[in-house]
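K.L.:
Line by line, the protein sequences give chains A and B.
Per numbering that gives the first Met the number 0, the first sequence starts with residue 0, numbered consecutively.
Per numbering that gives the first Met the number 0, the second sequence starts with residue 0, numbered consecutively.
Hints are not guaranteed to be accurate.
The list that follows gives simulated cross-link-like pairs (lysine-lysine, BS3-like), each with its CA atoms no further than 30 Å apart [claimed, not checked]:
1. A/K170 - B/K142
2. B/K328 - A/K78
3. A/K119 - B/K328
4. A/K32 - A/K117
5. A/K24 - B/K328
6. A/K349 - A/K247
7. A/K215 - A/K243
8. B/K155 - A/K117
9. A/K215 - B/K35
10. B/K215 - A/K181
11. B/K328 - A/K129
Rather than coming from a laboratory, the hints here were simulated on the basis of the structure.
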Amino acid sequence: MDVTTPMVEFDRVQKSYDGESLVVKDLNLAMPKGEFLTMLGPSGSGKTTCLMMLAGFETATNGEIRLAGKEINHIPPHKRGIGMVFQNYALFPHMTVAENLSFPLEVRGMDRGTRETKIKRALDMVQMGKFASRRPAQLSGGQQQRIALARALVFEPDLVLMDEPLGALDKQLREHMQFEIKHLHESLGITVVYVTHDQSEALTMSDRVAVFNDGKIQQLAPPEDLYERPDNSFVAQFIGENNKLSGKIEALDGETATVRLHSGELIGATAVNIGGAGSETLVSIRPERVEFRHDRIQEGWHTLDAEVLEFIYMGDLFRTRLRVAGHDDFVMKCRNIQGQERLSPGQRVKIGWHPADARALDPV
Amino acid sequence: MADMTATSPGAAPQGLQTADGRPLKAALAASQARAKRRAFYLVAPLLAFVLLTFVLPIGQLLSRSVSDPRFIENVDRSSGEVTPIMVELRDWFKANPPGTEPDEAAYQALAQGLAQLAELRGQGDVGTRINYEAPGTRSLFTKTARRADDLEAPFKEAILDVDEDWADPVLWQAMRDASSRYTINFYLAALDMTRDVDGNIVNVPEDRQVYLLLFKRTAILSVLITVTTLVLGFPVAYLLATLPLRYSNLLMILVLLPFWTSLLVRTTSWMVLLQSQGVVNDLLVWAGIIGDDGRIQMIYNQMGTVIAMTHILLPFTVLPLYSVMRPIKPSYVRAARSLGATSWTAFRRVYLPQTVPGIGAGALLVFILAVGYYITPALVGGSSGQLISNLIAFHMQNSLNWSLAAALASLLLAGVLVLYWLYDRLVGIDNLKLG
Chain A
0 MDVTTPMVEF DRVQKSYDGE SLVVKDLNLA MPKGEFLTML GPSGSGKTTC LMMLAGFETA
60 TNGEIRLAGK EINHIPPHKR GIGMVFQNYA LFPHMTVAEN LSFPLEVRGM DRGTRETKIK
120 RALDMVQMGK FASRRPAQLS GGQQQRIALA RALVFEPDLV LMDEPLGALD KQLREHMQFE
180 IKHLHESLGI TVVYVTHDQS EALTMSDRVA VFNDGKIQQL APPEDLYERP DNSFVAQFIG
240 ENNKLSGKIE ALDGETATVR LHSGELIGAT AVNIGGAGSE TLVSIRPERV EFRHDRIQEG
300 WHTLDAEVLE FIYMGDLFRT RLRVAGHDDF VMKCRNIQGQ ERLSPGQRVK IGWHPADARA
360 LDPV
Chain B
0 MADMTATSPG AAPQGLQTAD GRPLKAALAA SQARAKRRAF YLVAPLLAFV LLTFVLPIGQ
60 LLSRSVSDPR FIENVDRSSG EVTPIMVELR DWFKANPPGT EPDEAAYQAL AQGLAQLAEL
120 RGQGDVGTRI NYEAPGTRSL FTKTARRADD LEAPFKEAIL DVDEDWADPV LWQAMRDASS
180 RYTINFYLAA LDMTRDVDGN IVNVPEDRQV YLLLFKRTAI LSVLITVTTL VLGFPVAYLL
240 ATLPLRYSNL LMILVLLPFW TSLLVRTTSW MVLLQSQGVV NDLLVWAGII GDDGRIQMIY
300 NQMGTVIAMT HILLPFTVLP LYSVMRPIKP SYVRAARSLG ATSWTAFRRV YLPQTVPGIG
360 AGALLVFILA VGYYITPALV GGSSGQLISN LIAFHMQNSL NWSLAAALAS LLLAGVLVLY
420 WLYDRLVGID NLKLG
């Protein structure tokens, strides 16, 4: 395998369970070696099915899946050599931690000495060296998670699949484990396909994120692009919080669109995924890019009148809900910095944003 | 159990105390007493029921198996009055060691006993009792007791004059054994053993050994039935646990169907199927697999017993297995497969070990049921397919030797308890999962 061959390739893959509808529609994806790719999407979007096809537990109805350049559609799961971490860890309850880790080595016919060395190294890697003789039921959720990780890595696969591995953990532990998995990925140089429905997890960990909806990849991009330059309304809404203003395209000039909001105001926006003049659009603006203080609104920014409906103190942030251009759910987030002004319901303010932060997308 | 309010005086003084200075344990007990009392009242009817219908009969069974006092006391059928009998003879037995030739004193004591029996009309019961241990002697008692009033000294000659069989040492040994209230003779009989004329325990002649053979056959057939139900039930339970709900519900109904049909109907339908002119044989002949003169005897022998009982006991394996398999997530086998195991290895090393509690529970249940099964072997077993329970029933209903029946049943019970203990040692009773 030369450097340019992708580690994982989906080529026009389709999947149907019932012969009537497609769960995965025409999936094309190529992953270079060493990448951390996250499949993100709501439940039923086809992301887990893709993972299961890659692992070999589901067969593709059409198309080819290639691993390091070789087609693997008809290779049974145990011959693919892919490590996998399952949603509820799937640690074998009747085996100790060491036996769990020993299992993949035993079926590969390794001798006892090699096995013990590898088990010890894998357990030390996840800082669980002292727990080798415990049973899974005697471990906490976080510890089980580490063992599941160690078990998927102990036979040194090049590719590791993770199916919502942190879903059962509480928030703090989850964030901690996110960094640990990320560090393991970097230090071992493995390729990881990670499935989650938690967008902050996807943004934190991934090199690239594939946003799934309705059996299709809506956008495949690094986290930064995904958040700041969503391709369509689904991605904009699914990743982070997002304000939508609906309107019609008045004029289109290359990258810049002029949009007439349904309430009558005229604003400029970056054209992303829209039809020509006269077509419907949704203008998307991130809540933290909205400003209301006169001294911060700069020349060339768009301004709109707004009425404060609700003010929520969130600690590090102030979350203010506004009525803007006929929409009641316009949200503005301000950092809780020294001297930040707190708005009260009923107050009228002028809000504004940089034209580049308003993106005109397809209407949903 | 009902009243938990009493403060135990032996409570440790250094124990924790409540805010107002009472021992914490007492306060806890007091606060829970009401709930515990109420719970007790709820289970009280069941407790009484179990005591009455389970514990008492088993206690009776156990005591009956070591005691049949019909030789030492007479119970009047109408009044229920208990009269001690054979008092003089019992004294003579006490005074003389086993194996002593009965002398004039012994015969005199016997004559006195028989005279008393004639008065009480108890010679039949006594004769039956001695007949268990010395077969063919019942008529001696009835015949001699009728003439008890005519007996005169010397009693030995007088009695031997009535019937010479009175001199048989086996009979005297039997009377000696029956003259003590408690005896292990019924257990000896149940194990094909007896006492010789000197009171030593010996095996009965081989041609009269019955019970050991039946115990052995019962054990072997029960193991066979258990293994067959496991082999047949495991795939069914697996299907039940893994099929989508709508199919598995249908399958579950099919599994439970036998429970809803009368046992008798199911057993007789096996007769229709398996007899030599039955459906299965007809099909085999029709298909040319066997000739018309080579029809297979599939019923009224051990094969019939095994087939019918496997069918009847199958749900008892399937249900515990199903309840154990249901929560086993498919991700375990998937994990094993992704770790490099073939599907067979994944099954053997990951799936199968997790079903052991169900296998254990199902096997234990079926084995225990099979060991004591009565009606099916009675109907389809013929003579070679009879089990020990059929013999127990025989002694309960026909020979009326209840003590022997009780001894056989107690041995069966002991065997099952030993099995239970073994299971606990090997698998752990906490792992038993019945549903």
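K.L.:
Need the status of pair B/K328, A/K129: alpha-carbon distance at most 30 Å?
P.N.:
28 Å, holds
K.L.:
Quick one, are A/K24 and B/K328 close enough, alpha carbons at most 30 Å?
P.N.:
28 Å, holds
K.L.:
Starting from A/K32, check that the Cα of A/K117 is at most 30 Å away, please.
P.N.:
At roughly 23 Å apart (the allowed maximum being 30 Å), A/K117 and A/K32 satisfy the hint.
K.L.:
CA of A/K170 to CA of B/K142, is that 30 Å or under?
P.N.:
The given pair, whose Cα atoms are some 95 Å apart, is violated under the 30 Å limit.
K.L.:
Do the alpha carbons of B/K155 and A/K117 lie within 30 Å of each other, as the hint requires?
P.N.:
Cα-Cα ~93 Å, so violated.
K.L.:
Does B/K35 lie within 30 Å of A/K215 when you go C-alpha to C-alpha?
P.N.:
Between A/K215 and B/K35 the Cα gap is close to 60 Å, so the pair fails against 30 Å, i.e. violated.
K.L.:
Straight-line Cα separation of A/K119 and B/K328 no greater than 30 Å?
P.N.:
28 Å, holds
K.L.:
Assess, step by step, whether the Cα of A/K349 is no farther than 30 Å from the Cα of A/K247, and give holds or violated.
P.N.:
23 Å, holds
K.L.:
Is A/K215 close enough to A/K243, meaning Cα to Cα at most 30 Å?
P.N.:
23 Å, holds
K.L.:
Starting from B/K215, check that the Cα of A/K181 is at most 30 Å away, please.
P.N.:
65 Å, violated
K.L.:
For the pair we were handed, B/K328 and A/K78, check the Cα-Cα distance against 30 Å.
P.N.:
22 Å, holds
Hint check: violations occur at hints 1, 8, 9, 10; the rest are consistent with the structure.
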